[in-house]
Each structure stands twice: as structure tokens, then as C-alpha cells.
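Residue numbers (the numbering used here), protein chains in the order written: chain A, 1109 to 1405; chain B, 180 to 327.
Note that these hints are calculated values from the structure, not bench results. Ideal Cβ placement from N, Cα and C applies to all residues, glycine included. Do not take every clue at face value.
Said to hold, decoys possible - Have a look at the derived ranges for each label pair, beta carbon to beta carbon: (1) A/L1333 to B/D261: 54 to 60 angstroms; (2) A/T1245 to B/V287: 38 to 44 angstroms; (3) A/N1203 to B/K250: 49 to 55 angstroms; (4) B/V233 to A/W1218: 44 to 50 angstroms; (5) A/R1253 to B/E234: 36 to 42 angstroms; (6) B/M202 to A/N1303: 49 to 55 angstroms; (7) B/V287 to A/T1179: 36 to 42 angstroms; (8) B/S326 to A/N1203: 38 to 44 angstroms.
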Amino acid sequence: MKLLFLFLSSFFTSSLFAASCCVSNTSVSNLMIMPADWQQTFTVSQARVIGDVNAKGRSTFRNKNNRDVMTLAKLDLAYGWTPKYQSGISLKYQNRDRDLNGTQSNDSGWNDIGLSQAWQPNTLDRFWIFNTLNIPTATSVYDSRTSMGVDARGTGTYLSSLGIFGIHNIKEWDFVYSSEVHHSFQRSFENNNTNTRVGGFWGSSVTGGVGYIPWKSKARYGLALSPRFEGPKTVTIDNQKNVGKESLVWDTSVNFSYTINAYYAFGVNYTDQTIFGPVRNTMLNRAFSFQFQSRWL
Amino acid sequence: MKFLALLFLLASCGESPLFNHKMEPNGIFRNTVLSESESLTFKKTDFSFNIAWVEGPQMGGSKFIMKTWKKNVGTMNGPYQDLPKNLFVFLWMPAMGHGSVPVKLKKVADGEYEVSDVQFIMGGKWEIKFQLKDGNQVFDETVVSVSI
């Protein structure tokens, strides 16, 4: 029962599929929390931008003629080198569809590549220390060239995080916690005869979640709350310095997962960034995702 | 039911966007930023200019005409003269720390430029930066703020 329990909890580590702008997500998207050689998670998701929040925290929800939808297919692979150490890779293909008062723009392409590694100090404790690295292979808001910026998929910068992830269970309930700090490294872009240098900046997030597995059931019902903060960015364009403002957003997630057997599981997840605040200087999304996970022992 | 009540309470306490937001107006709307009869100045040169919006400014595509004149020769009504350095126009969102896709700049007559594909990709405070460049070096700059 405990193994089943953990397998279901692993969907908690899946990341939100929000807009490339504003606050980056640096969680481990495919952490193996049960002993296994390989684990793969295939995810399809759709996120819609609901509104924009300014630096003072004032929210404006978009009207129905202002549509911004991101559809994403994601493949995560993780490999356990030893019972205590694992690493993973994440590949994402994304479509962004923008429609504003009848003007349409659409673009598809690969998103950034994500690498991760995790270490479990004691295999009897359900506690991991993880590190992620985002490799900015995709176009970002700093070098976007298409109408309405629909080709801005990636973060634009190398981004590395260090964090912890743990699970504690009491009877049918499980409690999931995670915390991470990330740093984005300086990077320069040559675009339209202009040199843009994005300075390094820091960010952080914490996650708290609770799950319930009815007795003898293969299903898990979960809730999670995750505030995410990103520090101000300094962007220098042709030697002129521009200092931005910090961003803050709260992800509220409701999820359901079902374990088919020891090798396969699936889950559905709904994440809403409009429920909790305060929020600052960001876009607000609502996202649905479906995940299918398989493991090789 | 208790859970929903608790969720509502928590969301209300923390400045929930769901309960504290305004709606974007329907249809194409125009943001008034500055009067078309207002002139702007490049500080290091003796040139002035004004802009007249043809479309927008609005989220999505906007377009304006920029007219430039030498301060001691012309006025807002002409004669218009070309700028002494290369003109570069770009959008910037200061709070977010990013810009937008490059605008299209086309000279339509002496001292008259059509600036199209001006894409405010999200709502918020934007800046339109008008730069005079000497190669890659910014020689002079004037910034116009726009709320979208």
C-alpha cells in the first residue's frame, strides 16, 4: 500500500505550464520517489492567460476577445543510477495561439531543455535534495520576432535551482513539501542590431500539498499551494541599464491520480493562479494537464 | 462546504485576484497617452518630433506616424527634416524587464516615419524608446510612457 501511495504522490512534482514570461518554474518535473531504474512521464497540457497584474498588484482580467492559449506536450525521463541518486531530462514541444480582437498569431516549436538530478540521503526517509538546470534552447521574450510574441517559449537564460522535496504520511493522508532557490545567469542577445544583456537574478518557491487516498483505493485526491517569487531583473540594452520589479504568483492545484498497476499510472491536474494573492508583476494562468507515467523496475 | 468556506476566507485575506480585479474593456480601445499636438525633444540634438497614432495604442498591433523637425527651423506643422543620426524605436516593459518584437520603421517622406507592428504583447505600463544611434552607441534618447 505504501508503494502505491508513493507512486501516486509523484505527480505532485509536475510543473505548471505557465507563460514563459514573469516567474520561472524550477521544480523537478519527474522525480522518482519509488525504487525504479527508469521512469517516464508524458504530459499534455493547455494553459490560458486569464489576466495581467501590474507591479502594484492590480489585476486586470482579459476579455473574451483577448485569447492567449498555450498547448504543451512534454516528455520527462528519469534514470536511477543508484538507489540514492537519479537524474532526468525534460523535453517540451509547445504551441502558442494568440487572438486579439480578430488579429491572430500562432507558433509552434521546442521549448527549453530541462536537466535534473536528485539525491536521497537515506532511502528509508522520503526526502530528496534536488538540483535542476534549464538550458535556454528556445526563443524567449528577449529575442522574439513573431507577431504578438507567440514564439517566446523559453526563459531565455540558463537557470539553476537547488531544493528539497519530501513526503510525510499519516494513515490515508500524505503531506508533501518542497522548497527551492534558483539563480538565473547573465546572458546576452544580439537582436535587431541591438545588444541586450539580461543580468543574473534570484528567485524562490515553496510548495505545500496534501493528498488523500481512500482506504484500499488506487486513486489519490490532492491539493497543493505554491507561492513563487522572482527578483528584479536588470536588463542592459546598448549600455543603458533598465531595472525591473519583482514578481510573485501563487499556484493553486487540484489533482487526481490513479495507479493502474506497479508500472503505470495516470493523473489529471488543474492549476489556477487567480485564487490566492498577493500577486505582483505577472500574468495569471489557468491550466489543465493530463499525465501518463510508466516505470521500469 | 467547510473547505470551500475556508478557501474563500484564505483567498479573501491575501488579495486574491479572483475577488479583486477589474475587467479589460471589450472591443478595440484606445489608450490616450499624449496629445498629438505635443512635441517631444531629443536633448542632445536640436531636433523635435511628435507622434500621431494611426492604430491604437492598444494591446496587439498599433501604428503611428512620427514627424521630425529642426527646432530653430521648423514647427509641428513643418517643414520636416530627416534626423542627423540613425533612428531606432523599440518597446520596453520596465517592470517586467523585457521588450517586444522589433517594430517596423519606414521612411515615408523627409522627416516623416511610419512606425508599424508596434506590439504591446501584454497589459501594463510600457515605454516607447526613441533612440538616435551612432553605430551601436546610443547618442540620444527620448522615452514615451504608455499604459495598456
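Here's how the hints hold up against the structure:
no., hint, in the structure
1, A/L1333 to B/D261: 54 to 60 angstroms, "holds, 58 angstroms"
2, A/T1245 to B/V287: 38 to 44 angstroms, "holds, 39 angstroms"
3, A/N1203 to B/K250: 49 to 55 angstroms, "holds, 50 angstroms"
4, B/V233 to A/W1218: 44 to 50 angstroms, "violated, 37 angstroms"
5, A/R1253 to B/E234: 36 to 42 angstroms, "violated, 20 angstroms"
6, B/M202 to A/N1303: 49 to 55 angstroms, "violated, 39 angstroms"
7, B/V287 to A/T1179: 36 to 42 angstroms, "holds, 40 angstroms"
8, B/S326 to A/N1203: 38 to 44 angstroms, "violated, 30 angstroms"
Comparing the model with each earlier hint shows violations of hints 4, 5, 6 and 8; every other hint is respected.
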